[in-house]
Structures are given as structure tokens and as C-alpha cells.
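Enquirer: Work out the full structure, taking the sequences as your base and the hints as a guide.
Those protein sequence lines, which keep their order, are chains A and B. Per our numbering, residue 22 is the first one in the first sequence, and the count goes up by one each step. Per our numbering, residue 39 is the first one in the second sequence, and the count goes up by one each step.
You may find that some hints are simply not true.
Short derived list, chain B residues pointing at chain A, Cβ under 8 Å [stated by the list, open to error]:
| # | residue |
| --- | --- |
| 1 | Phe71 |
| 2 | Gly80 |
| 3 | Leu83 |
| 4 | Tyr86 |
| 5 | Asp94 |
| 6 | Ser96 |
| 7 | Ala110 |
| 8 | Val127 |
| 9 | Phe129 |
| 10 | Gly136 |
| 11 | Asp137 |
| 12 | Tyr139 |
| 13 | Thr140 |
| 14 | Phe141 |
| 15 | Gly144 |
Since the hints were derived computationally from the structure, they do not count as laboratory data. These figures come from a predicted structure and were not determined experimentally. Using N, Cα and C, we set each Cβ at its ideal position, and we do this for glycine too.
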Amino acid sequence: GIQVEQSPPDLILQEGANSTLRCNFSDSVNNLQWFHQNPWGQLINLFYIPSGTKQNGRLSATTVATERYSLLYISSSQTTDSGVYFCAVGNQAGTALIFGKGTTLSVSS
Amino acid sequence: DAGVIQSPRHEVTEMGQEVTLRCKPISGHDYLFWYRQTMMRGLELLIYFNNNVPIDDSGMPEDRFSAKMPNASFSTLKIQPSEPRDSAVYFCASSLNGDGYTFGSGTRLTVV
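Expert: Below, the structure written as C-alpha cells:
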């Protein structure tokens, strides 16, 4: 099956710093989503982005499907950005997402 | 919409007992997914439904696990008999056309 690798596994930032999280996948995809799991365990959908670029406030994401990677940018990080960021992909219509192992982000004030 | 609703939020049970987890998807969504999260294995897909029909249950760990979706607004995941290694957080998610998933708050299951 398709493999999903996220990097870095852990990231520690000071409030106000910017960061880039990467997701590599082993096959072509038609579905790619980014999620944030907050410290209370809730999984929040950030982006549905099988290709192209999207922005939502301080967060943006870019997927280059032909090169099999996606990037999540966090600008001016805040303590509330702490948690685990997951990339998840699907490569066939109607199939479910496969999740990467996540990047754990800690933002300190 | 109230989002995806899961119950119970927490469940503690003794080994050998039957456990039933429940999920109400977002109205109008045609896909429903059950995932399990553990430290060792991360987020694993157990089973998913499209228009109430099970499509792929290859992630169900063994015959002790079963899932049903009797109608568009309700699904259950049952473990019988439960074992300590089943302890995990179980998430339900729904989506429209397989696009942006919305997850429920999860059920934290502890089997002692």
C-alpha cells in the first residue's frame, strides 16, 4: 500500500517563529488532507489539498502531486498551535485515508 | 450541524466483556470511517462505509471486532470479547464524497 512519511517527527519553537512540515508519499494520490490533533485529542481538519496551494489565516499548504510531497506552513506560531500534525493520503477513488505518523509541535511562550 | 457525535467518551471494561461504541455522522455525509489510535501503531483504519454499505473491513484486527451501519445516521463498532490489547482511542469520521473528513471526539477504551 501507499506509504506516508512525515518530517520532522518533533519540532520545538518559540512563539512567533515560522515552520514548515513535510509529507512525502510513495504513490500518486487523489486525496490529501492535513489534520491537527490538539493536546486534548481532538482531530481537526486543516486542509483538503490533493494538489495546489491553499491558505487559511496563518496556515497554508502546498501539494506538488507530480513530485509526491506536500508542505504545511505555519507562520507566527502561537502556543495554541501545539499538538500533532498529521498528513493523510488516499490514492484511489472511494478509498479511505492512510495516515502518517505525524509531526509533534511544541510552541512555548 | 453538531458535527460527528461519538459515545461514550470513555469506557472502562473488564476483559471478556462486550463493548459497543456508537457514532452519529454529519447529516448528508455519505462516507463513515472507524479508526483506532494507539501510541505504537498510530491512526489505523478499521473499516469504512459508503451509503451504509461496508466497503473495506480489511483493517478489522480479528473476528472479535464487528461494525454495522443500519442507517445513514448511526453506526456501531462492537468488540466481543474485549481484551486488554484493544485499549485505544477509537475515532469515527464522516465525509461527503470522500473529501474533507470530520472526526468525532473519540472514545477512549480501557480494557482491564
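Enquirer: Does each hint fit the structure? Answer for all of them.
Expert: Taking the hints in turn, this is what the structure says about them:
Look at phenylalanine 71/B: its Cβ gets to within about 5 Å of chain A, closer than 8 Å, so that hint holds up. The beta carbon of glycine 80/B comes within 5 Å of a beta carbon in chain A, closer than 8 Å, and the hint placing it at the interface holds. The interface hint given for leucine 83/B is met, as the beta carbon of that residue sits about 5 Å from the closest beta carbon of chain A, less than 8 Å. Here the hint on tyrosine 86/B is kept, as its CB sits about 5 Å from the closest CB of chain A, short of 8 Å.
Among the interface hints, the one on aspartate 94/B holds; its C-beta lies about 7 Å from the nearest C-beta in chain A, closer than the 8 Å criterion. Interface restraint check for serine 96/B: the shortest CB-CB distance to chain A comes to about 10 Å, outside 8 Å, so the restraint is violated. The beta carbon of alanine 110/B is not positioned within 8 Å of any beta carbon in chain A (closest approach about 17 Å), and the interface hint is therefore violated. Hint status for valine 127/B relative to chain A: holds, with the closest Cβ pair at about 7 Å, below 8 Å.
Proximity of phenylalanine 129/B to chain A holds as hinted, the smallest CB-CB distance being about 7 Å (cut-off 8 Å). Taking 8 Å as the C-beta contact cut-off toward chain A, the hint placing glycine 136/B at the interface holds, the least distance being around 6 Å. Annotation: aspartate 137/B was flagged as interfacial toward chain A, and the flag holds, the nearest CB pair being 5 Å apart, inside 8 Å. A cut of 8 Å between beta carbons decides the hint on tyrosine 139/B: the least distance to chain A is about 6 Å, and the hint holds.
At a threshold of 8 Å, the smallest CB-CB gap from threonine 140/B to chain A is about 6 Å, leaving the interface hint in force. A distance limit of 8 Å between C-beta atoms decides the matter here; for phenylalanine 141/B the minimum to chain A is near 4 Å, and the interface restraint holds. Using the Cβ-Cβ criterion of 8 Å, the hint placing glycine 144/B at the interface with chain A is satisfied: the shortest such distance is roughly 6 Å.
Hint violations for this structure: numbers 6 and 7, all remaining hints satisfied.
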